[in-house]
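Engineer: The residues making up each chain are set out below.
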Amino acid sequence: MPAVAAASMDESGGATSSENGHYTPQNLPGVYQLPRSLGEMQTPSMVCIAWGSGNKLRLSFLQHSVPAARSNTGTEGAERGNGNGASQSGGGAAVIEIELGGRAALGLDAVEDAEKRRIAYGSLPAFALLQNKRKMLQQAKEFSGMLPDDWWEHVLEYSYNISNLLAPTSTTSMGLQLDKKSRKEKQEQTLLRAVWELTEIFFVDKHVTSWIPEKLVDWLTVYDRALARTEPTVQTKLVALQHKLPNIQFPEDDADYWEGACSALAVGWLDIVIKFLRMHGSYRLDQIDNRQAWEKWRSQVAKLDNSMFWSECNHHGTLLGLKKLLQILLGNVDALITATCHWIELLVAHFLYIVPFSMVAGEILSIARKCKQLKHVSGNENLRELLLAIISNDTEIVLAECSQLFGPWMMAHVVELLTAKSTHAQALLLEERSALGSISLEELHRVIYAQVLSSHHLTWQLSPTYLASCPKQGCGLLENVLLKQPVSGNSRLFLKVLDISRLYDLGVVGTALSRVVGIHNWKHGRRGTGIMWLQQARDDLRLAAIANQLADSVTTFRTDDIESFQHLEGLLDLLDSEVRSAQGLSFLHRYRDFKNSLHEIREYRSSDLCNPKVTVAGRHAADCLLQLLKPGASPLRFWLSILHDSVDLLEWPQQVLLNEVETTTLMTYLQELKLAEARGDVEAVNALSSEQAKQQLDRVRLALALNLGRAILQS
Amino acid sequence: MEKLAALEATASSTAWNYCGERLAVGTGEGAIQVWEKERGGGGSSFSCIHKWQAYNGPVVKIIWGSPEYGDVVASSSTDGNISLWEEIEENDQSTWRKCTQFEEPHTAALDFQFGNCLTGLKLVVAWADGRVKVYDMLDTLDLKQWQLQADFLNDIVVDGKSERRSYSAASIAWRPPVSSIQQPIFALAYRSNSLLHNVAKVWEFLDAYQRWSPVAELRAPGEEGDSVNSLSWATNIGRPYELIAVGSSCAVLIWHLEFSQIAGEKPIARRVARLTEHNGEVWQVEWDMSGMTLASYGSDGVVRLWQANIDGVWQQQAIVKSAKD
Amino acid sequence: MAMAMEEWRFPQGRAVDAVRWLPHATAAMDRLLVLALWDATPCRPSIDLTSLCHQEQAEAGQSTPWLQLQVSWPQPARASALRVLALSHERVLVAAASVVGSLSLVAIDSLHPSRPSAPLICPSLHRGSMCGLDLQSSSQSCVSVGEDGKINIISFGESGLQPMCFYDNRGLLSFSAVRWASPVEFVTGGIGYSLQWWDTRRPGGAVSKALTKWNGRHGPGLIHSIDIHPSRKHICVIGGSAGSVLAWDLRWQQEPIQLVGDNARGKGNLLGAPPIESDVWEVKYDHFSPFSGHSADTGKASPVMVCSEDGVLAVLEDGVAVELLAEPCAINSFDIDPELGQDIICALEHESVLVMRRGLDIPQKKLGNLTSQRGTIGSTFGSNYF
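Chains as they are written, first to last, in my numbering: chain A, 1116 to 1830; chain B, 301 to 625; chain C, 56 to 441.
One chain only, chain A, in its complex shape:
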């Protein structure tokens, strides 16, 4: 039974655009009105178009226009618009963003964005579950593609889930009081739910086919209020009366009272009829509370109509009113038409009082058509058409009107209901169309919805689930959605994007974005993070370039500048094993080891521990040095600084650390460096050009000569 207590219902503005008017070729383009503040601006000389993520259109309105650059030989520049290059007085330039189809994106015009998102979040698991079931069933049938006969039962479960979701949320859970606005939202949702459940009755549930009229009566009791949003219904009438009647002492004197009773009776709301009758001055228990034994009851009513009772009734209003009620019970068409408002109400009245319940679907359709004709009022014609189309199983019209009324959310989800059992709808929706770029309508609606989801930075994460069930274009669009996420400035978002690309086997996307984030961090001073992500992207090219840059900075450190070196060490730890292939990196590691061992020696020396440890450390340092001097291990430009660092080892006080052969190796490097300089090798020339370098060179020469002497002596 509908609750009689309801708020006043007003018409909502509705969407101004039909962003997705695929089914109505005749419809006029929607209009997006620019805000007045822009209107006050002088006519822009230029508008720049750009797209944000999803359906976001971004327009720059520019006042200042410059002629395109001209070549010296150019004759005429392409003058654009009416700008003349000079800045014009008046308002500035502006950038605006329009979310196309945004208002109707989830099919809930006036519903708050947060509520839309709640529905979007909630419908995702139901949708995913259904797709998984479908996939499993299809796999079990070895890709025959055919779904089992009981498929509709799975769809029914899905439909229940979605329908529950469309129920208004309990107010307490949000901790909020209902205000006028949220009441209106609830009605919007209820209208959506009404259409959803009606579709479920006619398109999904095979069990109800034999008692569709009963279902319809039940449906109307729940959703009559929702229908009242667009045009008057019995419910509207009763609500109006509800406010009026308590103030009237003798309601039976009021014609509205009787009309209300008739209307309630016509659509079968017996409880309300009883309530009405109880308000009657001479209230007595009434017998009309049971609609069993139809024929018998009917004949008794007919008898009652002719009975002597009427001559005893001395209240004229009651007499007329009761007669009217009887006419309804008798199925008088005129009385029913008068008593009902909405055509669906008339249809229900028809089932209740004219035609007995059991009948075939074809009849419902013709009756429904007739009712709709009889109750032609100016209301939301789309909704009226939609309801009729659902009742008559007309898939094309359902699609067209749903798209007009409710938009992408509805389209992506209702397709499951339409294709549950109707082979015609399956053919219509699942057939691949070359005009659509060889995708089916089903896929098209999922792609459209996914794009709407990707317009919002909280819902874009839902789009993968929908795109996963788009065999042709899902992968491509998902890549695009992910690549447009602002990953460089938001590390947590980036990790979420990476996780999705892992989950959906989109390694290339993860790699591309790791590169973006890696370079962004590197260029913005967060070097370790940069290296980490470039490693993740396995970008050897960039890592090698980075290693070169690092090597340059490392070798300019003095050995005592150990703090900077320690910082760098962390970086080198990161640049571990995996990327050692990059030549620059392996050099860096060796050089780091060498520097560390030198540092260790100094530590021991300064702590005055002249124990064997120093010698061990010294030998280790010498080994590191020799590693660095293996052929091709170190770039030429670092040779001098390596040799200079080795002076300490060459002049080792306790013993000879580097033997004859080793010392000769060092000398060879020195020689080659000089030769390269003589050849004019840029690296060598640069390395040896400074005064400091010359001093270092002399120092190294001296140390080498001394050590060679010592080594020869020792051997």
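Check the hints yourself; a few may be wrong.
What the hints assert, rightly or not - Chain A is nowhere near these chain C residues, computed Cβ spacing over 10 Å in every case:
1. R69
2. P78
3. P258
Unchecked claim - In silico SDA-like pairs for lysine to any residue, Cα to Cα no more than 20 Å straight-line:
4. B:K303 / A:K1587
5. B:K621 / A:Q1148
6. B:K303 / A:Q1148
7. B:K351 / B:C417
8. B:K621 / A:E1268
9. B:K444 / A:D1667
10. A:K1599 / B:G370
11. A:K1587 / B:E558
12. B:K621 / A:K1599
13. B:K303 / C:K264
14. B:K361 / A:V1162
15. A:K1599 / B:A315
16. C:K264 / A:D1708
Read the hints as simulated data drawn from the structure, not as lab findings.
All C-beta atoms, glycine included, are put in the ideal place defined by N, C-alpha and C.
Since the structure of chain A is already known, use the hints to place chains B and C on it.
Structural biologist: Relative to the frame of chain A, chains B and C by itself:
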């Protein structure tokens, strides 16, 4: 509808970066500004966070480079040179520095676009003398080092006659990447005084010949005179054909371009729509992220949105116009 | 067998970035909790103090709780970390780090939660995001770490907030998590699964470091969360990339022990696939004991609760994972009530808060293989259609 930013009245060119979080603005006074959403926000207001004087004359055009090379912007001014800028960290602050400049004697850049191919970042420039030049970045980290990879004429000189042709505008559109891989293919059109040469061409770098070759022409019989103002190549999310939109001097044109599976075979171009609602010049065409909606702006001052219906027929779906109209 | 658990969901209509219970003041009627919320349009980040209310006598027998907003403090930017600290029986300190590197501190009187108090805000402590922070009661100080490679110690004594830069590597190595181990020691985690032990008495560098052996193998190697063992300060547990949950014993190991994730070692190897494949956003020692009502130090490894990007909330104990939740979306943050540990609060990616209560004496379902709902959804994609 939301107002994202109130720019200075002298703003003359704008461009959004890859994710739409940053806006580069060039002004009539030669300054470049970078606008950003308030960080940590997600709200819609943008504010100017960097501004530097780039030129003496006005900024004609500004574009972003691929984010895989950092925050990179290329701009041109009325002197016809192209400057390359990048954001780096210096003394614990983000700053923009000039990396390099592309210039040619006696001519000016009409249009330029970045392509991020496997071989590295490429910049295609359409110079006003009719020469198309492709520049390659040498070191992936260093935006200062570039080399000229190719230099060719968009129009082959007919009959050896060096007819005096001049070019007033150009438009370049790279084929967008698929699976993050961008092929060396772009569409290019000049606007010239020679009606015969106003056609948009598709250029592809053919490995076999190691050079750029014209592989398709977007030419419809009887419309040779229509000059091209703007090109936009839609991302292919899984269609069997590519979608290219052309904003011409009198219509929005939509082309299908089908690349053959057989190597060496040229793609087939087919025009699928000619939409004349702008009643005049179409200055800009731009595809959305899926290639389902095309936006256009023309001399009638209206932004129009186009979609194909289920029969594949392109139709106007919505328009954006000011309140007073 | 179903777990004896009750759960309630509270849609917020805003992104919920972090959730924390407040210590329960005995005199107060309702439980208090803090939420770090973020409204997209218009951009309105806030820290909300909310009470979890129960209807005293519900007609249907089962009472549905609801959240009642007490106070909301606007924030300079989206929160990146949230901590609470009981200063006394009634006074609780709430600290929030933001993605622009600011710190907000607000003191709450838990007996009069709606009594207004202004937050103290330290702007720009870090360049970029302040990734982690922690509060210390006896030294009255807050430690914060950031992606800029800086460690700040902020004292919040009577004289207001006094920030001090403790360490700075100028962005070379970013830090992502921090936790006090004692009044003078704390642990930090950063990129490459690196862990450092610091002592405020010894500035200049880390006292000890864990070797980074996991680097590059699975996931980038980020540490998102650290918790210190409630009774043994030298043991900490971390959660990070690719489902890794590691324990690190400062005294024994140069190398952490992996509790779960790829290559889980040690006793009780998990069967089959790793239970969590995505990032582990938060990790906490679980002090809930369903049998005795309080945790006992039995010498076994203490149970650890984790939440993940793939929607799993689970307790890990002896190499076995007990799944508490498998959501279709990420669980970004959770908290266990500080008293009995019976009540858990979660921040769900789908803009809602989930409160659940564990049964006191009903055995929980043990699962070798956690089933992430999101994983199931994802599998539609990869295998068949492409």
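Engineer: Does each hint hold? Answer for all of them.
Structural biologist: Evaluated hints:
A Cβ of chain A approaches the Cβ of R69 (chain C) within 10 Å, the least distance being about 7 Å, so the stated non-interface status is violated. With a least CB separation of 22 Å from chain A, P78 (chain C) remains clear of the 10 Å interface cut-off, as annotated. Every beta carbon of chain A lies more than 10 Å from that of P258 (chain C), the smallest distance being close to 12 Å; the non-interface claim holds. Taken as a hint, the K303 (chain B) and K1587 (chain A) pair is broken in the structure, with Cα atoms around 36 Å apart against an allowance of 20 Å.
Distance restraint check for K621 (chain B) and Q1148 (chain A): the Cα-Cα separation of roughly 6 Å lies within the 20 Å cut-off, and the hinted pair is therefore satisfied. Of the supplied pair hints, the one linking K303 (chain B) and Q1148 (chain A) holds, its CA atoms being roughly 13 Å apart against a limit of 20 Å. Between K351 (chain B) and C417 (chain B) the CA atoms are separated by roughly 30 Å; this puts the pair beyond 20 Å, and the hint is violated. At most 20 Å may separate the alpha-carbon atoms for a hinted pair to count; K621 (chain B) and E1268 (chain A) exceed this at roughly 48 Å.
Distance check on the hinted pair: K444 (chain B) and D1667 (chain A) sit about 18 Å apart at the alpha-carbon level, within 20 Å; holds. The hinted pair formed by K1599 (chain A) and G370 (chain B) meets the criterion: a straight-line CA distance of about 15 Å does not exceed 20 Å. Only pairs whose Cα atoms come within 20 Å are accepted, and K1587 (chain A) paired with E558 (chain B) is accepted, the gap being roughly 17 Å. For the hint pairing K621 (chain B) with K1599 (chain A), the CA-to-CA distance comes to about 28 Å; that exceeds 20 Å, so the pair is violated.
Of the pairs offered as hints, the one joining K303 (chain B) and K264 (chain C) is violated, with about 50 Å between alpha carbons and a cut-off of 20 Å exceeded. About 13 Å separates the Cα atoms of K361 (chain B) and V1162 (chain A), which keeps this hinted pair within 20 Å; it holds. About 15 Å separates the Cα atoms of K1599 (chain A) and A315 (chain B), which keeps this hinted pair within 20 Å; it holds. Using a Cα cut-off of 20 Å, the hinted pair K264 (chain C) and D1708 (chain A) holds, with the two alpha carbons roughly 18 Å apart.
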